[in-house]
Amino acid sequence: MLVEFELIERARGGDDGAFSQVVQAYRKRILGTIARLIGRPEDVEDVGQEVFLRLYYSLEQLRTAEVFEPWLYRLTVNAAYDYLRRQKRRQESRMSDLSEQQVMMADAAAGGKQNAEEQRRGKVREQVEALLEHVSEEDRILLTLKEVEGLSLKELEKIYRVNENALKVRLFRARQRVLKAYEAGESAREGVRDSKDTA
Amino acid sequence: MDRMNENIETQLDGLFAEYRSACPDPDGGVNFMPSLWQKIEARRNESVSVFRRLAQACVLATAALTLAMVILIPRIQTEPVYTATYVDVLDAAHSLDSAQLMDSGDLQ
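Residue numbers (our numbering), protein chains in the order written: chain R, 1 to 199; chain U, 1 to 108.
Keep in mind that the hints were calculated from the coordinates and are not lab data.
Any given hint could turn out to be false.
To be verified - Straight-line Cα separation of at most 20 Å, SDA-like style, residue types lysine to any residue; simulated pairs:
1) R:154 to R:180
2) R:28 to R:151
3) R:180 to U:4
4) R:123 to U:17
5) U:39 to R:154
6) R:154 to R:171
7) U:39 to R:46
Using the sequences and the hints, build the whole thing.
Structure follows, in structure tokens:
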């Protein structure tokens, strides 16, 4: 827990100052999770505000402060899912559909200003984003929470309110799909490398 | 084959870890909190105005119903006017019975 239970209790009781403190404490973590869940940096803040807005109006439904974090993650997952559903990510991205970050990267690459490290990071982001396209929005979120955010099955169980075995099955299937796509991508890259070598 | 699969699995884990560090936690702009409070206030005002509109609709509906009841109930609940006496009614009922009996031929 990043804050004391007492602070959450105060926020629950309608103390706006306490609520602001809770937001300040969790803001960075939640925005980071959202960034990795939705993959569009320019919309992270909006989705983050939606999460905290929902938190503000649902805080009184929270049974105890002990379950605050799973509760906040559930709100985050729901907001990210709603966003992804709205966006319905397109397969072929035109320039107008590129995220701000991608446009900036493209501009920088064109100007030759981008450094190697940022280029590498950009490639990693692109590769993972492309791999996650192979699963549904729900599975993308679940897989990201487990594999990227590092949440345990117990934590996911509390967030999703689903038993561990069901989660394991779902995660296994989603991971297999991503793995298959990764494998296919790798062998395609190998093929390109081999053909370059022989040429 | 197993070793190859294991290798791919490890590579994928590594890629996810790289993705984690390639997407650092953003802190949100300086306007994050003011903008959040604006949204909270806007939602609050919205729900207050919805409640107000709902309350106004309820008051209007109640007034309309009351008016309708005031006008309609006295018309519906008019007191029955008795033009015949109790004996007349009994007589009419008895004569009807007699006619039925006579029709069935029991008196013959």
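Do the hints match the structure? See the list:
1. R:154 to R:180: Roughly 27 Å separates the two Cα atoms, so the pair is violated.
2. R:28 to R:151: holds, 17 Å
3. R:180 to U:4: Measuring from Cα to Cα gives roughly 13 Å; hence the hint holds.
4. R:123 to U:17: holds, 14 Å
5. U:39 to R:154: Outside the cut-off at roughly 34 Å; violated.
6. R:154 to R:171: holds, 13 Å
7. U:39 to R:46: Roughly 11 Å between the alpha carbons, so the hint for residue 39 of chain U and residue 46 of chain R holds.
The structure shown violates the earlier hints numbered 1, 5.
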